[in-house]
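Could you build all of it, start to finish, from the sequences and the hints given here?
Top to bottom, those sequences are chains A and B. Be aware that the first sequence starts at 1, since it is given in our numbering, and climbs by one per residue. Be aware that the second sequence starts at 297, since it is given in our numbering, and climbs by one per residue.
The hints are simulated quantities; they were obtained by calculation from the structure and are not laboratory data. Hints are not guaranteed to be accurate.
What the hints assert, rightly or not - Computed cross-link-like contacts, SDA-like style, restricted to lysine to any residue with a CA-CA straight-line distance of at most 25 Å: (1) 144(A) <-> 418(B); (2) 197(A) <-> 49(A); (3) 518(B) <-> 64(A); (4) 49(A) <-> 129(A); (5) 49(A) <-> 424(B); (6) 48(A) <-> 518(B); (7) 231(A) <-> 250(A); (8) 86(A) <-> 42(A); (9) 239(A) <-> 582(B); (10) 49(A) <-> 429(B).
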Amino acid sequence: MGKKVRHKIKEKIGLIIFLIHTYCLLLPCYLNWAQAKDFDFPEIAGWKKFSPILIFKPQNLYDYIDGAADLYLSYDFQELFVAEYKRDKKASVTVEIYRHRNPTLAFGIYSQERLKDAQIIEIGNQGYIEPLTLNFWMGPYYVKINAYEIGPEGEKTLLIFGRQIEAALGEKSPPPAILSFFPAQGKKAHSETFIFKNFLGYAFFHSAFMADYEFSGKKFKIFAIQGRDKKDCQEMMHKYLQKIGVAKELKEGLYRLPDPYHGEIEFFWQENLIWGILNLDDQNLRAHYWKFMKMN
Amino acid sequence: MDPKNMNRRAFLKSTIAGFSSFIFLPFPKEYQATALRTKAEKMPKIPARVLGKTGIKVPLISMGVMNTSNPALVKAALDAGMHFLDTAQTYQRGTNEAMIGEVLKGRPRDSFVIATKARLPQNPTTGLYTEEATEEAYAKKIDTSLKNLGLDYVDIYYHHNVWVRESALYEPIINALQKAKKAGKTRFIGITTHRNEPEVIQAAMESKVYDVVLTAYNFRQKHAAEVKKAIAKAAEAGLGVVAMKTIGGNVRGAYGAEEINAQVGLKWVLQDQHVHTIIAGFTTFDQMELDLKVMQDFTFSWPEREYLQAHVLSSAYYCQGCGLCLTQCPQSLPIPELMRAYMYAFSYKNLVAAQDLLFSLDLPYEACKDCASCAVKCTNQWQVGERIRQIVVLREISA
Chain A
1 MGKKVRHKIK EKIGLIIFLI HTYCLLLPCY LNWAQAKDFD FPEIAGWKKF
51 SPILIFKPQN LYDYIDGAAD LYLSYDFQEL FVAEYKRDKK ASVTVEIYRH
101 RNPTLAFGIY SQERLKDAQI IEIGNQGYIE PLTLNFWMGP YYVKINAYEI
151 GPEGEKTLLI FGRQIEAALG EKSPPPAILS FFPAQGKKAH SETFIFKNFL
201 GYAFFHSAFM ADYEFSGKKF KIFAIQGRDK KDCQEMMHKY LQKIGVAKEL
251 KEGLYRLPDP YHGEIEFFWQ ENLIWGILNL DDQNLRAHYW KFMKMN
Chain B
297 MDPKNMNRRA FLKSTIAGFS SFIFLPFPKE YQATALRTKA EKMPKIPARV
347 LGKTGIKVPL ISMGVMNTSN PALVKAALDA GMHFLDTAQT YQRGTNEAMI
397 GEVLKGRPRD SFVIATKARL PQNPTTGLYT EEATEEAYAK KIDTSLKNLG
447 LDYVDIYYHH NVWVRESALY EPIINALQKA KKAGKTRFIG ITTHRNEPEV
497 IQAAMESKVY DVVLTAYNFR QKHAAEVKKA IAKAAEAGLG VVAMKTIGGN
547 VRGAYGAEEI NAQVGLKWVL QDQHVHTIIA GFTTFDQMEL DLKVMQDFTF
597 SWPEREYLQA HVLSSAYYCQ GCGLCLTQCP QSLPIPELMR AYMYAFSYKN
647 LVAAQDLLFS LDLPYEACKD CASCAVKCTN QWQVGERIRQ IVVLREISA
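So this is what it looks like as structure tokens:
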């Protein structure tokens, strides 16, 4: 084989390696693009969709929302699609769609960011509106719509965007079933939250639902910790008793326990659920609530 | 019992059954004075450093409140002596600030130090501010933070999430911050940076506007050495230096390996005297207790040293093999292989393996001699030309 032929073969091999290498480098971009096609941002009359649509993954969510990303990641954030719409030189609307691993986790992150005095509106599973913001939770999605320089018709514009995005996201999923078992008496409307990890600041208590209550002049919280099964709850209770230094044989039932950081908490453990009343120092009222829950 | 399948009847049945076994455990007279709190109270005084020219004394580890909505945890941190709290308006859309505000109610204003931050819209590709980023908009952000916190002033207000020099010097935000400082809404002005930190820190120093820098800093950073240098310069210039992302931006795990990571990450940063405090984003009481412990003694144990060595060595010597250098070198040198030889020689201390590899490569006798400076921009930010010069001379040494 002559030198020239060998050189040509080498060149071709080099080209093939280069093409494979380029393909490998571009593959992640292609995948992002391919997944971006999974959600089509709707056309909104009078507004121009500004390209490109941005996509963020767990690895680069920091680039978009900096330190706030930590909390999203702890709620199993999967991906974020961002689209910007423009109407004239100044007016713009940004739509952010965060997808989490499941609807409960999307509800969780939504509930962490919902303001206490939020003006709740019927959109998706639940949403609220502010002068330049509309946020809602729907299935595995947490949607945030922000408007800039849109003048006096801000709320109307946000609702138009909200409805169109809602329609584009498809079917609603039912809210977590356990929320319907929280006692209604004294419960503050739309105060339910879902804490995915480290509930009450203890790693052994995993996810929990919690709601705010106000009754007879007392403000307190009721929570429900869901275990995988009875054994899981038993382990949680066991670790908790160990942590607070209480030695007691464990069995299902009601516990009144002194927590070093939260004060007295009452727990009720049954099978794979642990209910609790927090920040309520009135023993009679606690008894009332347990009775109320029993009767409800 | 799966709540998905649980109906009201099943729930009531289980509840009634459960009430029949109502358990009252022995109840201490003063339940709040528990063993744990007593333990925290008995802890030795928390080691502190002075936050540069601000003169504020801060604990070695402070609380980054961003990941928790649990007021009891913030209260516990304050009670344990971690009196510097860090938050941001973007954390939980302001509910994080509001939660902290509730905790701070009734506490003497001089008993805590609070820092918060806000950002305005940036182009996510360039890091430059968009036209929505006005002085007025930033002034509103500052007022909103104060309202959320229920305070008249904060100790530090940070210009948040800057990664290019131009944005660090962005006048509308600087003007808003300077006016806020003059109006007594913030005692000091800070800047935060999560990437391209050396450039931002340098700009912050040159601007003469900023009193404090809050920077990502950890042993996993590929450019940790550059960040370290920038931090040293900033501290020497009198800026307060606060470190974040000390475990590489990972949400802290509760147990096991992740916990070791957190401890090593904290200790590694605390070894740097130019860092005045770390903001640690703990979410459990156990993590808080670990941080309190680390502050008292941040020397490395042997397993921690080995862990650190494994991680640092792998990032300092291990070529990722991205191959981007191959097209940049005018001499078409096999740079990934040369970097591998460098790792054999300087990390593994295996001169024979390094030489074997070098001799197997068809290298020119005087590699790099035609280039005045190296054109290769390594993704690991290595000085590739320098490393090549150091490694090729090994061909002359007898193994």
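Structure-based check of each hint:
With a C-alpha separation of about 17 Å, the suggested pair residue 144(A) and residue 418(B) falls inside the 25 Å cut-off, and the hint holds. Pair hint residue 197(A) plus residue 49(A) does not hold up; C-alpha atoms about 37 Å apart against a cutoff of 25 Å. For the hint linking residue 518(B) to residue 64(A), the alpha-carbon distance of about 21 Å falls within 25 Å, and the restraint holds. This hinted pair checks out: residue 49(A) and residue 129(A) have alpha carbons roughly 22 Å apart, not beyond 25 Å.
This hinted pair checks out: residue 49(A) and residue 424(B) have alpha carbons roughly 21 Å apart, not beyond 25 Å. With a C-alpha separation of about 41 Å, the suggested pairing of residue 48(A) with residue 518(B) is violated against the 25 Å cut-off. Pair hint residue 231(A) plus residue 250(A) holds up; C-alpha atoms about 11 Å apart against a cutoff of 25 Å. Pair hint residue 86(A) plus residue 42(A) holds up; C-alpha atoms about 13 Å apart against a cutoff of 25 Å.
At most 25 Å may separate the alpha-carbon atoms for a hinted pair to count; residue 239(A) and residue 582(B) meet this at roughly 12 Å. With a CA separation close to 21 Å, the supplied pair residue 49(A) and residue 429(B) stays within the 25 Å bound.
Hint compliance for this structure: hints 2 and 6 are broken, all remaining hints hold.
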